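Engineer: Given next are the chains, with one letter for each unit.
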Amino acid sequence: MRKGELGRTVAMTLLALVIMGLLLFPVYYIFTISLKPSGALATTHLELIPKNITLENYREILFGHEEGLLKTKEFTLTTKDAVITDSLNRFNMEVKNGKIQGRISSARFSLSDIKIKERKGGTEKTREDGSKLIVGGQYILMKAGRVSAVLGVRNINVSGEEIILTVKDTKNLPLDLSKFKKIGNNTYMAKGETIFLQQGGKINARDNILEAKNFEYIMMSKIGGNVWGYMKRSLIIALLTVLLTLLLVIPSAYSFSRLKFFGREHTLYFYLMFTQVSGGLGIAGLVALYGMLVKLHMTNNIYVLPIIYSAGSVPFNTWLLKGYLDSISTDFDEAALVDGASYIQIIRHVLIPMALPGIATVAIFAFIGGWTELILANLLLSEENYPLTVWLYTMLADLRSISWNQFAAAALIFALPVFIMFLLSQNYIRSGLTLGGLKE
Amino acid sequence: MRKRTVAALALILPGLAAFLFFNIYPILYSIYIAFTNAQLGNFPIQAPDAPKLQFVGLENFKWALSDSGFRNAFLWTWIFVATSVTLKVVVGVFLSVLYNNKYVKGKFFYRALLIIPWALPLLFSVMVWRFMFDPVVGPINIILKDIGIMNPPDWTTSATWGFVALNIIEVWLAYPFMMTVITSALQSVPDTLIEAAIIDGANYWQRLTKVVIPIVSKPIAFATILTSAASFQYFLVPFIYNGGLFQDRFLLLYGYMKAFGSARPHYGKAAAVLLIATIVLAAYMLISMKITKLQKGAEA
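Protein chains in written order, with my numbering: chain A, 1 to 440; chain B, 1 to 300.
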């Protein structure tokens with residue numbers, strides 16, 4: 001009997017765990033996707049625990065990176081890890097912790113993740129597309145995540161802690177092998193030597209410091225990292241929705257909770273009915289709302305949205321806050337009323353302090369509403385005014401422009417505030433939702 | 001007393017006025033538009049060379065009833081209500097019973113974690129599922145390939161498989177709600193009642209049908225009506241998932257697309273479609289409420 005009980009407990013608990021795992025798997029999986037290097041999506045097997053965890057997707061979404069193009073004759077590239085490939089593919093040189101120097105070369109480098117540390121001279125101008133162009137300077141020093149010269153650079157001196165040379169064509173090798181030690185069939189190694197490459201090669205380097213003297217020009221532009229603009233607009237919309245909602249809802253909830261007046265029950269009933277079908281009715285009213293706003297010249301304006309959102313949520317939030325106020329004893333505000341306080345004073349000094357948890361719940365609802373609304377924002381705003389939701393939605397419609405990894409990171413950044421707020425007010429929301437019968 | 005009424009009205013008025021102006025007025029205005037020829041050129045602003053905005057009577061409604069797209073959307077909306085509501089109730093009951101079972105250890109912890117879908121914005125959830133169902137990199141098709149299905153369905157561009165996907169998504173979105181309602185209903189069954197039934201010699205089946213189900217059925221019916229209304233108003237999920245693909249599968253989406261998703265928008269027809277959808281929904285809600293109230297009367 002006891003053994004049977006134990007067996008059942010183990011079996012049922014396991015089943016409960018497995019089903020929970022299945023139900024929560026999508027959210028977990030999208031989280032792991034956001035932590036994988038961009039473009040490394042498996043198509044043949046599931047990787048349940050990501051091997052190479054990286055925050056690069058979040059960094060790219062939040063901050064983006066600076067890309068650029070530098071043309072110069074004289075340069076010093078201090079690199080952690082570089083590969084020099086001969087343009088005729090006769091050899092391949094790997095440099096660890098080394099330097100690549102050119103004096104009379106003509107080099108054109110593509111750069112990414114640039115941070116300029118020091119610069120002397122040159123005329124700077126910002127072009128229409130936001131990119132920056134600096135022409136003719138004496139000196140520039142910068143950090144660069146990636147440096148590559150696809151066209152090949154001649155006359156370079158290569159030195160490094162460790163240089164590994166892989167030779168593909170021994171006969172026509174354009175470099176002196178005397179400084180190298182043979183370590184494999186076609187591989188040679190040199191430690192701490194300086195090697196001159198007259199014919200040069202293509203350069204591809206990671207983690208660099210690039211120094212250039214008398215450079216011709218450098219062009220820089222920012223890629224990605226535009227989420228702040230969307231986030232700012234979403235935040236403005238959400239916070240204004242909170243403010244307006246509280247202004248509209250607190251007085252009416254007080255009134256419904258404390259005052260007896262003609263039409264009270266009817267209005268309450270009308271509000272309740274509306275909360276049940278608001279989703280469908282909202283879409284039904286959309287055609288006219290759109291027409292109305294066009295006529296009033298209120299489209300493409302993010303400040304209009306909070307008004308509409310807070311107005312639409314008046315019935316639900318009034319019910320929610322009224323329910324909370326009903327649970328607070330009337331003694332205090334009636335005493336204040338007897339003492340001759342006005343209704344506004346009662347709300348301000350008696351009710352708001354006591355009803356703070358209920359008000360916070362309404363505020364959180366309003367914030368989530370403003371932060372997550374998509375349909376109206378999508379309909380009314382054009383690109384320069386997009387909030388986060390519309391930005392995400394347009395990206396989903398055109399997935400070629402962004403990797404799923406970065407997209408997952410962006411979507412999680414969008415969802416996180418809502419998730420946190422939900423946790424903060426979980427109990428209220430749960431009772432509120434079951435009471436109002438609303439979901440979604 | 002009259003002073004009190006004036007004060008109450010003054011306090012209610014800002015909220016009520018905003019609500020009436022931005023919600024009720026557009027709905028009434030939409031009803032008017034449904035009886036006009038509002039379309040590209042004459043709505044919202046009349047262009048000089050476009051046909052004049054005018055009253056056309058029941059023209060748009062006649063059009064809707066004979067339009068194959070509308071009929072399709074109407075039919076499929078009800079199919080979706082039937083399939084998704086059945087799934088939601090079955091899954092909801094199953095999960096509630098499982099996570100209420102006395103042999104399961106750590107129920108509270110699981111229940112707390114299981115409502116996570118509720119805490120996520122809908123847009124995010126649909127994006128997550130859009131990724132799950134992605135034909136190339138989505139885990140669902142990867143698993144299907146792993147178990148030997150070489151040509152797994154295209155969940156994102158095939159209307160049939162997409163419909164299946166939408167059902168799954170809706171169940172996932174709604175199970176926290178269903179589970180919460182049904183679990184609290186199950187917990188409201190007094191233990192003493194069940195113990196009494198056991199003493200009286202009732203077996204498991206008898207206890208279930210004679211004691212548990214009569215107490216639990218009312219909240220479940222209530223939740224079912226609410227969730228079926230949500231299914232009928234299904235709009236955001238198909239819109240985000242693949243709006244173009246499902247436009248003649250869901251009534252609200254069909255109406256929306258007629259106005260905002262077409263090269264030649266016809267707002268009158270769109271408003272008529274949405275008005276019909278609203279009336280059908282209202283009738284459905286009234287009838288279901290009546291039926292459950294009738295039950296209440298019969299029990300009393």
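Treat the hints with caution; some may be incorrect.
Unchecked claim - List of simulated lysine-lysine pairs, DSSO-like, C-alpha gap at most 30 Å: (1) A:96 / A:222; (2) A:322 / B:3; (3) A:322 / B:102; (4) A:260 / B:102; (5) B:107 / A:3; (6) B:145 / A:51.
Bear in mind the hints are in silico, worked out from the structure with no lab data behind them.
Quick caveat: nothing in here was measured; it's all calculated off a predicted structure.
Engineer: Residue 322 of chain A and residue 3 of chain B: Cα distance at most 30 Å?
Structural biologist: Satisfied, since the Cα-Cα distance of roughly 22 Å is no more than 30 Å.
Engineer: Against the 30 Å threshold, does the CA-CA distance of residue 145 of chain B and residue 51 of chain A hold or violate the hint?
Structural biologist: OK: residue 145 of chain B and residue 51 of chain A at ~22 Å, within 30 Å.
Engineer: Residue 107 of chain B and residue 3 of chain A: Cα distance at most 30 Å?
Structural biologist: 21 Å, holds
Engineer: Please work out if residue 322 of chain A and residue 102 of chain B have their alpha carbons no farther apart than 30 Å.
Structural biologist: Measuring from Cα to Cα gives roughly 38 Å; hence the hint is violated.
Engineer: Does residue 222 of chain A sit within 30 Å of residue 96 of chain A, going by the straight-line distance between their CA atoms?
Structural biologist: 29 Å, holds
Engineer: Next pair to validate is residue 260 of chain A with residue 102 of chain B; report whether the Cα-Cα distance is within 30 Å.
Structural biologist: 48 Å, violated
Figure legend: structure checked against the earlier numbered hints; hints not met, in rising order: 3, 4.
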